[in-house]
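Take these sequences, add in the hints, and give me the full structure.
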Amino acid sequence: AQKVTQAQTEISVVEKEDVTLDCVYETRDTTYYLFWYKQPPSGELVFLIRRNSFDEQNEISGRYSWNFQKSTSSFNFTITASQVVDSAVYFCALSEFAGGTSYGKLTFGQGTILTVHP
Amino acid sequence: ETGVTQTPRHLVMGMTNKKSLKCEQHLGHNAMYWYKQSAKKPLELMFVYSLEERVENNSVPSRFSPECPNSSHLFLHLHTLQPEDSALYLCASSQTGISPLHFGNGTRLTVT
Chain F
1 AQKVTQAQTE ISVVEKEDVT LDCVYETRDT TYYLFWYKQP PSGELVFLIR RNSFDEQNEI
61 SGRYSWNFQK STSSFNFTIT ASQVVDSAVY FCALSEFAGG TSYGKLTFGQ GTILTVHP
Chain E
1 ETGVTQTPRH LVMGMTNKKS LKCEQHLGHN AMYWYKQSAK KPLELMFVYS LEERVENNSV
61 PSRFSPECPN SSHLFLHLHT LQPEDSALYL CASSQTGISP LHFGNGTRLT VT
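Same order as they appear, the protein sequences are chains F and E.
Going by the numbering used here, the first sequence opens with residue 1, and the numbers climb by one from there.
Going by the numbering used here, the second sequence opens with residue 1, and the numbers climb by one from there.
Because the hints were derived from the structure by calculation, they are not lab data.
A virtual CB, placed ideally from N, CA and C, is assigned to each residue, including glycine.
Possibly wrong hints are sitting among the right ones.
[Unchecked claim] Only some residues are given here: those of chain F computed to face chain E with a beta carbon under 8 Å:
| no. | residue |
| --- | --- |
| 1 | Asp86 |
| 2 | Lys105 |
| 3 | Gly109 |
| 4 | His117 |
[To be verified] Dumping the calculated PhoX-like pairs for lysine-lysine here, alpha-carbon to alpha-carbon at most 20 Å:
| no. | chain 1 | residue 1 | chain 2 | residue 2 |
| --- | --- | --- | --- | --- |
| 5 | F | Lys38 | F | Lys105 |
| 6 | F | Lys16 | F | Lys38 |
| 7 | F | Lys38 | E | Lys40 |
| 8 | F | Lys105 | E | Lys41 |
| 9 | E | Lys41 | F | Lys38 |
| 10 | F | Lys70 | F | Lys3 |
| 11 | F | Lys105 | F | Lys16 |
| 12 | F | Lys3 | F | Lys38 |
| 13 | F | Lys3 | E | Lys19 |
| 14 | F | Lys3 | E | Lys18 |
In structure tokens:
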């Protein structure tokens, strides 16, 4: 069975601080995908990144960066120089791969509530 | 216009009512999903429709009945719900092949 653990329930930081959100996953699949989503107060989940299990390169997108380490089954997310607009719930998710016609059956973590204070 | 639109945004219903949640996607995707988000619980996958066929039904009680009349529309029909069914119900769509899910804003359901 697949499982995603986000041990940090809530994080509170002051603007301009860096913050790292942890994600640890469990799966027996050798091919899988990892995702991060952001859920602002408006409710919709916004896709941030997808990473497949064969690509362990870290990725940077503006103030966001992701550190994927298969050895520790972790896919951590860092926000550099946080801003108030980053306040949201962040979800890490895992998806098995079942071939070209597969669909996105995601297993989500419980989410981390990030509050960035001015 | 957002990619995935859900209506209504908020719904309050009694346990004997019948109501429906609607989802529409404008992204040309061929898979649609219902997720339930309860307080302090991970998002739970309820149903998946791929190419308008139901391919996943995660042991959801029969008081929740999905309908997918075409690839752009998805409904969740509700009847004789329980207070513990109060939650945020999120619709999502994707293109098959592990493309990212695109979510709607959700319907906040309160069962009284």
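Evaluated hints:
The interface hint given for aspartate 86 of chain F is broken, as the beta carbon of that residue sits about 19 Å from the closest beta carbon of chain E, more than 8 Å. Because the smallest distance between the Cβ of lysine 105 of chain F and any Cβ of chain E comes to about 6 Å, under 8 Å, the interface hint for this residue holds. At a threshold of 8 Å, the smallest CB-CB gap from glycine 109 of chain F to chain E is about 6 Å, leaving the interface hint in force. At a threshold of 8 Å, the smallest CB-CB gap from histidine 117 of chain F to chain E is about 23 Å, leaving the interface hint violated.
At most 20 Å may separate the alpha-carbon atoms for a hinted pair to count; lysine 38 of chain F and lysine 105 of chain F meet this at roughly 18 Å. Taking the CA atoms of lysine 16 of chain F and lysine 38 of chain F, the gap is near 19 Å; set against the 20 Å cutoff, the hint holds. For the proposed pair lysine 38 of chain F and lysine 40 of chain E, the alpha carbon gap of about 16 Å is at most 20 Å, so the pair holds. With a C-alpha separation of about 17 Å, the suggested pairing of lysine 105 of chain F with lysine 41 of chain E holds against the 20 Å cut-off.
Annotation: proposed proximity of lysine 41 of chain E to lysine 38 of chain F holds, straight-line Cα distance about 16 Å (limit 20 Å). Simply put, lysine 70 of chain F and lysine 3 of chain F have alpha-carbon atoms about 15 Å apart, close enough for the 20 Å limit, and the pair holds. Restraint check for lysine 105 of chain F and lysine 16 of chain F: the C-alpha separation of about 35 Å exceeds 20 Å, so the hint is violated. Note on lysine 3 of chain F and lysine 38 of chain F: the hinted pairing holds, with a Cα-Cα distance of about 19 Å set against a maximum of 20 Å.
Restraint check: the Cα-Cα separation between lysine 3 of chain F and lysine 19 of chain E comes to about 33 Å, which exceeds 20 Å; the hinted pair is violated. The straight-line distance between the Cα atoms of lysine 3 of chain F and lysine 18 of chain E is roughly 34 Å, outside the 20 Å bound, and the hint therefore fails.
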